[in-house]
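Enquirer: Spelled out, the chains give:
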Amino acid sequence: MNNSRDKILGAVKDALQQPSHLPPTPQGIDERIKEGLASVTPKDYVGLREQFKKELELVSGEFQLVHSTDEIVTAISRMMQESNYTSLTIAGDGPYDGLAQRVTEKNKAVQLVKASDYQKTERKEKLAATEAALVDVNLAVADVASLALLYDDTPSSLPHFLPLTIFVVIKPEQLVANLFELFEKLPAEKAKNMTLITGPSRTADVEKVLVLGAHGPKRLVVFMLEEK
Amino acid sequence: MEMTPSKTKQYIKEALKDDHLRTAVDKATQTALHKREDKVDQIPYWEDLRFKAYAVKQDVIEHLDQYLEEFEKNCKQNGIHVHWAADTEEAQKIIFDLVKEKNVKTIVKSKSLTTEEIHLNKFLIDKGIETLETDLGEYIVQLMDQIPSHLTAPALHLTRQDIGKLFQEKLGADYTEDPEELLQIARKKLRQKFLAADMGISGVNFAIADSGSFCVVENEANAHLTVSLPRIHLAVMGIEKLLPDKGALPVFLKLLAPSATGQKATSYVNFIGGPSSEKYNEGPKEVHILLLDNSRSKILADSRLRETLFCIRCGACLNICPVYQQVGGHAYGWVYMGPIGSTLIPQYLGLVEGKYAPFASSLCGACYEVCPVRINIPHHLLKLRNKVVEAGQSMKGEKMGIAVWAFLAKHPMLYRFATWFPAQLQKLLPGEMAFPAPGYAKERAIGRFDPKGFRKKLFKLEKDSKKSSE
Numbered sequence: 000m001n002n003s004r005d006k007i008l009g010a011v012k013d014a015l016q017q018p019s020h021l022p023p024t025p026q027g028i029d030e031r032i033k034e035g036l037a038s039v040t041p042k043d044y045v046g047l048r049e050q051f052k053k054e055l056e057l058v059s060g061e062f063q064l065v066h067s068t069d070e071i072v073t074a075i076s077r078m079m080q081e082s083n084y085t086s087l088t089i090a091g092d093g094p095y096d097g098l099a100q101r102v103t104e105k106n107k108a109v110q111l112v113k114a115s116d117y118q119k120t121e122r123k124e125k126l127a128a129t130e131a132a133l134v135d136v137n138l139a140v141a142d143v144a145s146l147a148l149l150y151d152d153t154p155s156s157l158p159h160f161l162p163l164t165i166f167v168v169i170k171p172e173q174l175v176a177n178l179f180e181l182f183e184k185l186p187a188e189k190a191k192n193m194t195l196i197t198g199p200s201r202t203a204d205v206e207k208v209l210v211l212g213a214h215g216p217k218r219l220v221v222f223m224l225e226e227k
Numbered sequence: 000m001e002m003t004p005s006k007t008k009q010y011i012k013e014a015l016k017d018d019h020l021r022t023a024v025d026k027a028t029q030t031a032l033h034k035r036e037d038k039v040d041q042i043p044y045w046e047d048l049r050f051k052a053y054a055v056k057q058d059v060i061e062h063l064d065q066y067l068e069e070f071e072k073n074c075k076q077n078g079i080h081v082h083w084a085a086d087t088e089e090a091q092k093i094i095f096d097l098v099k100e101k102n103v104k105t106i107v108k109s110k111s112l113t114t115e116e117i118h119l120n121k122f123l124i125d126k127g128i129e130t131l132e133t134d135l136g137e138y139i140v141q142l143m144d145q146i147p148s149h150l151t152a153p154a155l156h157l158t159r160q161d162i163g164k165l166f167q168e169k170l171g172a173d174y175t176e177d178p179e180e181l182l183q184i185a186r187k188k189l190r191q192k193f194l195a196a197d198m199g200i201s202g203v204n205f206a207i208a209d210s211g212s213f214c215v216v217e218n219e220a221n222a223h224l225t226v227s228l229p230r231i232h233l234a235v236m237g238i239e240k241l242l243p244d245k246g247a248l249p250v251f252l253k254l255l256a257p258s259a260t261g262q263k264a265t266s267y268v269n270f271i272g273g274p275s276s277e278k279y280n281e282g283p284k285e286v287h288i289l290l291l292d293n294s295r296s297k298i299l300a301d302s303r304l305r306e307t308l309f310c311i312r313c314g315a316c317l318n319i320c321p322v323y324q325q326v327g328g329h330a331y332g333w334v335y336m337g338p339i340g341s342t343l344i345p346q347y348l349g350l351v352e353g354k355y356a357p358f359a360s361s362l363c364g365a366c367y368e369v370c371p372v373r374i375n376i377p378h379h380l381l382k383l384r385n386k387v388v389e390a391g392q393s394m395k396g397e398k399m400g401i402a403v404w405a406f407l408a409k410h411p412m413l414y415r416f417a418t419w420f421p422a423q424l425q426k427l428l429p430g431e432m433a434f435p436a437p438g439y440a441k442e443r444a445i446g447r448f449d450p451k452g453f454r455k456k457l458f459k460l461e462k463d464s465k466k467s468s469e
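Residue numbers (numbering that gives the first Met the number 0), protein chains in the order written: chain R, 0 to 227; chain E, 0 to 469.
FYI, nobody ran anything at the bench for these hints, they're computed from the structure.
Note that beta-carbon positions come from the ideal geometry of N, C-alpha and C, so glycine has one too.
Among the hints, erroneous ones may be present.
What the hints assert, rightly or not - Derived, one-sided and incomplete: chain R residues facing chain E with beta-carbon distance under 10 Å: (1) Asp13; (2) Glu34; (3) Thr73; (4) Arg122; (5) Leu138; (6) Asp142; (7) Leu174; (8) Glu180.
As the list claims (entries may be wrong) - Pair by pair, the computed Cβ-Cβ distance ranges are: (9) E:Ser361 / R:Asp152: 47 to 55 Å; (10) R:Pro94 / E:Gly171: 41 to 49 Å; (11) E:Tyr174 / R:Tyr44: 49 to 57 Å; (12) R:Gly46 / E:Gly246: 19 to 27 Å; (13) E:Asp37 / R:Glu34: 16 to 24 Å; (14) R:Lys227 / E:Tyr174: 51 to 59 Å.
Construct the entire structure; sequences and hints are all you get.
Expert: In structure tokens form, the structure reads like this:
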């Protein structure tokens, strides 16, 4: 193994002895990108929220603005009932686990599945069979409607990917303007293990026809919780 | 199905006769182009992003040794096992040794062109290891025993009827041509495979040197499941896939999605920074990364062609290419196709096997216009054409034609005669008939030679223009 390593690095070093004949990059690119970004970034929170909503809906996600946790519980209970779902997954130790509990109290047909109660093999099999999940994320990105999930901050990331429907709760302070701001804000260590989620899973591999629910969720509902 | 770029001429002939293929490719490329245009229009700083991406890639490629060492060091700190492979054979050996050592029986894979490059599926399956592609398009072409026909849309050349029949025949499913039902058949089948697999194999879109992590970009969540469900994860990465730090990611993520699939952002960007099983009680126990050279260091040695290593495999140059639109991806005979493939084929496989690839282009320049990292593909194709000629690999007819022209160019009297004579000979042909040109004239109308000849006309024009200026 070391032989190949040294051989490859040696070959790369030798190749780089050849002076570059690549064209130079014009000056001031970073500034122009900043100016361009500023020109399309809403100036206040409401603008960012509306941008996030618009972009999320364009990628077949659903957005609901709510002002209390009661509204979330009612909405999830209704959607679970409409879809005839009987299982709701939570990661465990999340800020909205209590809401999931309230959903099961409101809708007795729904069973709560807590990912952190199960060990590895059992966990993935159990979660693969569940229909919905109520989860939280770390940050939301307005200009592309992405949700950033840092694995360091959740006991399980599987509820975000295995069930068919995902309910996500975010708060105004979690909203950032764009990917540039996101990567500036993310702590380097935590950013090593994470996923950016933008809408439900999808494919267009059959004649470019868009179909949702490829191998992950088919439905993604984001609740923006603006508590008074 | 084994394919080779040395049979490109034959593949092109077959593709041009296949109206079904051309319709499918046209529909898919036009859809992708329109969606791309729509997204690019929404980013007023798009051109600046392209310049920025070029600058980042230039820095990485021209300091590749340093970035590779930094990446390796940080991967090891994160508990990632790093392997180095000089070529396909070595890569296959390393992977098979790992498979044996870890007692791996089943593998799920997410889409990776680098693993296609080293024929990994065939190799592992021949060794008795169940190896399944999980991206829907890749799964379809694997069942078909084909190679992908597009960098990002592997089954672009197939219709829903083709896929319906395939699933009926290979999976025993009831025939359907509904894309939603076709997806459900694959999802159900593959979900079980994900849960049972011992190892997941992915490619790498971008690797971050200063953090020792890497990311995999996708839409289906199959890459996420490939990484997070099996006990071992292996990522196979070309050595050029590095970025210096996470600060460069927004630039590349913003460029990649519109260029590849006409999206603003792909559905999932997965970041892997080490084995997560112990830390998170889920995910892989072990993460391995294989750094593959496979001629990349040779490409690096050319101080201009090294720009082709900037490619982020988005496929935008394929969609816009008038040649690709007519012949599809299989005509190129290799895993990398279209304009960028035409530059990579002779560089990876050599000027003998890849001698036709640089000529499969009209040099219209559209590929350069859409390339998110500003690779000057037409320039490189010309340079590679030169190399093919210098290596004595140009086509026989072309060689003969150039030799005749060179001889005439050195003998002006003969040259004059040669340009005058055909027009006189043409007078013997009945009516307005042009010289017969078998093959060439089959699809095109050929004009008649001007009886005056080019020289006479030019001199007359010069004379007339002098007169009018006096």
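Enquirer: Take the hints in turn and mark each one as holding or not.
Expert: Quick rundown of the hints versus the structure:
1. Of the supplied interface hints, the one on R:Asp13 holds, with its beta-carbon coming within about 7 Å of a beta-carbon of chain E, less than 10 Å.
2. Below 10 Å, beta-carbon pairs count as interface contacts, and R:Glu34 has one with chain E at about 7 Å; its hint therefore holds.
3. Because the beta carbon of R:Thr73 sits about 28 Å from the nearest beta carbon in chain E, more than 10 Å, this interface hint is broken.
4. Hint status for R:Arg122 relative to chain E: holds, with the closest Cβ pair at about 6 Å, below 10 Å.
5. A distance limit of 10 Å between C-beta atoms decides the matter here; for R:Leu138 the minimum to chain E is near 13 Å, and the interface restraint is violated.
6. For the restraint placing R:Asp142 at the interface with chain E, the shortest Cβ-Cβ distance is roughly 8 Å, inside the 10 Å limit, so the hint holds.
7. The beta carbon of R:Leu174 comes no nearer than 15 Å to any beta carbon in chain E, farther than 10 Å, and the hint placing it at the interface is violated.
8. Below 10 Å, beta-carbon pairs count as interface contacts, and R:Glu180 has one with chain E at about 9 Å; its hint therefore holds.
9. Look at E:Ser361 against R:Asp152: about 52 Å separates their beta carbons, and that is inside 47 to 55 Å.
10. At roughly 46 Å, the beta-carbon separation of R:Pro94 and E:Gly171 lies within the given 41 to 49 Å, and the hint holds.
11. One distance hint, 49 to 57 Å for the beta-carbon pair E:Tyr174 and R:Tyr44, holds here, with the actual separation near 52 Å.
12. A C-beta distance of roughly 25 Å is found between R:Gly46 and E:Gly246, which places it inside the suggested range of 19 to 27 Å.
13. Between E:Asp37 and R:Glu34 the CB atoms are about 23 Å apart, so this pair conforms to the stated range of 16 to 24 Å.
14. A hinted range of 51 to 59 Å for the beta carbons of R:Lys227 and E:Tyr174 is consistent with their spacing of about 56 Å.
Hint compliance for this structure: hints 3, 5, 7 are broken, all remaining hints hold.
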